[in-house]
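Engineer: Sequence:
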Amino acid sequence: MKALRPGERPLDDGVRYGQEAWRDVDGVTFCHWDRWILRLALDEKGGLDAIAWMFRQRMIDPKRNVDKDAAEAMHLQMVDLRKRLAQVQRTPETLLDDEERASQWLHRKAFLRVWKSGPNHRTRAMLDTPRKRLGLRALRGNWERYPVSPARYDTALRRTLGFDGGDVPWWETRALAIGLDLEVELLELGASMTPAARLALYRAALTVVIETMNCVDDSGADMAEIYRGFEQKWLTLLREEPTRAGLLRDVLELATWEDFGLTEGVEGFLSGLGEEDADRALMELAVIARELREHRLEYHLERARRLRSAVLAAAAGFAEDDADGEE
5 MKALRPGERP LDDGVRYGQE AWRDVDGVTF CHWDRWILRL ALDEKGGLDA IAWMFRQRMI
65 DPKRNVDKDA AEAMHLQMVD LRKRLAQVQR TPETLLDDEE RASQWLHRKA FLRVWKSGPN
125 HRTRAMLDTP RKRLGLRALR GNWERYPVSP ARYDTALRRT LGFDGGDVPW WETRALAIGL
185 DLEVELLELG ASMTPAARLA LYRAALTVVI ETMNCVDDSG ADMAEIYRGF EQKWLTLLRE
245 EPTRAGLLRD VLELATWEDF GLTEGVEGFL SGLGEEDADR ALMELAVIAR ELREHRLEYH
305 LERARRLRSA VLAAAAGFAE DDADGEE
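Residue numbering for the sequence shown follows our numbering, starting at 5 and increasing by one per position.
Treat the hints with care, as some may be off.
Said to hold, decoys possible - Straight-line distance between alpha carbons at most 30 Å, and here's what the computed DSS-like set of lysine-lysine pairs gives:
no.: 1; residue 1: Lys120; residue 2: Lys136
no.: 2; residue 1: Lys136; residue 2: Lys87
no.: 3; residue 1: Lys49; residue 2: Lys87
no.: 4; residue 1: Lys120; residue 2: Lys72
no.: 5; residue 1: Lys136; residue 2: Lys237
no.: 6; residue 1: Lys237; residue 2: Lys120
no.: 7; residue 1: Lys72; residue 2: Lys136
no.: 8; residue 1: Lys87; residue 2: Lys72
no.: 9; residue 1: Lys72; residue 2: Lys49
no.: 10; residue 1: Lys87; residue 2: Lys120
As the list claims (entries may be wrong) - Derived Cβ-Cβ restraints for the label pairs, each shown as a range:
no.: 11; residue 1: Gln108; residue 2: Val291; range: 16 to 24 Å
no.: 12; residue 1: Ala54; residue 2: Glu298; range: 16 to 24 Å
no.: 13; residue 1: Lys120; residue 2: Leu186; range: 41 to 49 Å
I should point out that these hints are in silico values taken from the structure, not numbers from a laboratory.
Just so it is clear, CB atoms sit at the ideal spot from N, CA and C, and this is done for glycine as well.
All chains should be modelled from the sequences, with the hints used to inform the complete structure.
Structural biologist: Here is the structure:
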């Protein structure tokens, strides 16, 4: 922070994180993130609307070298702040006091925290981002659609990894990958392993690998290699699964949200769908794309569009077959 101007004093010196309580009005609590946003809003021509717009731009502009997750978190804080302001019938001008409205010290601190530092320590509103919520749903949220739930194998596979989620160096990643691959093979040899159970096993294994990738250094591509082996077997089983149409939502969401570049076979799987399954996939993709547009998740929306192109390739084949049949 710059030196104080004459007559100024630090108004929240020692507040480090932002989620600390700042002011309580009629039982509604406001934190220092709220205070900083409100102070910045006073100097913006469009007030809170202008700041919300800038957060949205940071979320969607591919040319800006910013943390889009941080921008999304701050935008959610804005949404929550406006709800609380409405509850107590206050505005930035009426919630801030005279000294806060006049303080350039507070403005400078607010500018640094909101636009430069990002929310390293987040409020509850910031944590529940659409990006996080939809990403988690893609991992496990569609498992009830399977004839045998992948949840049956989830705990056993995660326990096989035998680490607490701390960072794993590259030279230990190979051992983790081998252990997980072996456990899947052993489970598959079980006496009650029907095709539906095998389908569930490999689907659970995909989620376990994706979550593990957040913690390991996979420079040797050991985890990537076993993932692709699991994916190939999962997709092969899906082609033979009588209820596969109901599982397409899971396939599409997983491929849309898998962020490590591991998924390779889904587009080929989609381009080989039969006509009824292709129609179902296009309907599911329309729902997924609408949700992504609503939350301005452009990166994942582009992935959904690529998946749609793969399905349309299958549809083009049906049209050609129909044309040949008319000749």
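Engineer: Next, verify each hint and record whether it holds.
Structural biologist: Going down the list of hints, with the structure as the test:
no., hint, verdict
1, Lys120 x Lys136, "holds (22 Å)"
2, Lys136 x Lys87, "holds (22 Å)"
3, Lys49 x Lys87, "holds (21 Å)"
4, Lys120 x Lys72, "holds (13 Å)"
5, Lys136 x Lys237, "holds (28 Å)"
6, Lys237 x Lys120, "violated (46 Å)"
7, Lys72 x Lys136, "holds (12 Å)"
8, Lys87 x Lys72, "holds (23 Å)"
9, Lys72 x Lys49, "holds (24 Å)"
10, Lys87 x Lys120, "holds (25 Å)"
11, Gln108 x Val291: 16 to 24 Å, "violated (49 Å)"
12, Ala54 x Glu298: 16 to 24 Å, "holds (22 Å)"
13, Lys120 x Leu186: 41 to 49 Å, "holds (48 Å)"
Going down the numbered hints, you'll see the structure goes against 6, 11, while the others check out.
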